[in-house]
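Trainee: Sequence:
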Amino acid sequence: MESVDLVIVGAGWHGLSALKTYRQVHPTARIICLDSASSVGGVWATQRLYPGLKSNNMLGTYEFSDFPMDASFGVKPGEHIPGEVIHEYLARFVERVEAVDGNGNGGWVVTTAPAPSTTFTTSTKCTEYTLLTPSRKLTILGGTKSAWDAVHAACSASCTVTWIIRRRGHGPAWMAPPHVTPFKAWLEKLVTTRLLTWFSPCIWGEADGFGVIRRFLHGTWLGRKVVDGFWGVLERDVVALNGYEEDEEVGKLRPWGVLGMVRSGRVRVIVDDIRVESEGIVCATGWAATPRVQFRPAGIERALGFPWAEDFLSQGTVRRADAEILRRFPKLREARAVVEKRRLAGYVPLASDAAACARHPYRLARFMVPAGFVGDRSVVVLGNAMTINTALVAQTQALWAAAYLGGDQGVVRRVVERCPLDLVEEVRGKSNGDGDGHVDALWEMALHTQFGVHRCPGGFGKRNPDFVFDALPYVDLLLRDLGLDVKRKTGWCWMKSYGMEDYRGLVEEWLGRE
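In this text, residue positions in the sequence shown follow this note's numbering: the first is 98, and each later residue adds one.
Under the rule of at most 30 Å between Cα atoms (straight-line distance), these lysine-lysine pairs were calculated in the DSBU-like manner: (1) K559 to K286; (2) K151 to K234; (3) K559 to K151; (4) K173 to K586; (5) K593 to K151; (6) K428 to K286; (7) K584 to K286; (8) K151 to K242.
The following label-pair restraints were derived from C-beta to C-beta distances: (9) C454 to G171: 38 to 48 Å; (10) K173 to R399: 47 to 57 Å; (11) I367 to G149: 15 to 25 Å; (12) E407 to P517: 20 to 30 Å; (13) P231 to L131: 40 to 50 Å; (14) V513 to T230: 48 to 58 Å; (15) G316 to R263: 31 to 41 Å; (16) K234 to R189: 34 to 44 Å; (17) V513 to G149: 43 to 53 Å.
FYI, nobody ran anything at the bench for these hints, they're computed from the structure. C-beta atoms are modelled at their ideal positions from N, C-alpha and C, and glycine is treated no differently.
Start from the sequences, fold in the hints, and give me the full structure.
Mentor: Structure representation (structure tokens):
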């Protein structure tokens, strides 16, 4: 049996970043990266690409800070990045990582086997099917982001599309144009502008050093009025740009581009039960958010914090976390009204035993370290956050994980939250570490993971962290743990948008710290 220091499962953005960073931090470590696909890239692996597939991100925001996507990739500024280019980029990134032998002793036994499948999905063997032929009648089922992609691809191939969305489900996903506001601001840059992040309630937001401003905006009546005004302007702008109120068919896609195709009549949107003649069907109905890796012994999934297992946290701790979150952010109480409005409108949630149903959010400290392994330093989960800032989050998590797994004590001890005294013993019973540091870390994990339940009731908050304006303060949180400066710009840094270029040399900076 082969022995290594680190096993990385997955060769996408997060896995490759972890591979590069861990090797850079621990140059003598023996590392192996495993993936069931035949090429690197994760969701951008060769067999998961199809003609016309592009990223949501535009050039400059979907790259690692130390490996810019230069002109040799053929993408121009202001363009979305083709899928095959992203795969090429990640393949070239791998070429920069060399293998180094060394001695190691791991804490897990990893057993691998081929992963045969008799099921075909939108992410597998896409190139073997010729659905997109001109004049073909296609049916797209579902209102997810992948459904929008499928509709766009079909219409671009001159197909006629019937788009069916379940009346009693979540409805179609929100879509925003790449440039918003009357000033045509680049949306991806807005979400990393520190000033604008203050308007998003965020339980870890004070890591950016502007806690006084955040407490005013979300903890006072006047501040919340200012916040309401900001979000109202942004919503009205997206609604106006997409033309939700100008066309009846387009209006069906206002979450209850592609929009122009709907206006032209090439896409018929059905929000009801229906019988329809079709020459092909694409089911964009989501996926089971469960890893294919089987962890043993049986029952360990609870300690790993997985949302389909029994909650690692006690109900008393969860209730206290909920109360504290709503105390700090009274506006989030309105989330309950949103859920109730859905119920009255006939919304039918997932069955309690559905594969995609979450009993609770992932219980991961810093959204990486499983609740039952905070003091163990043998396992981390990367890429758990839903975010448009994939590359930035991936490389920052990779550095944090390399420090944590390598034994840097600081990344566990630098907690901000302090567990309420009357709850200490209850939380201590869940801790496998020593002292109050681990108790505070678990309490902070309870606040952070439970926050999404209230912040993103219409998104993935009940299961995953769901970042938009919250990604930058999350990166700040990790950098602060590592003892690095969170303010990467000079002057009025709160008025400027942070980009990948502001984080170049991050690993070297950490290695060179005193």
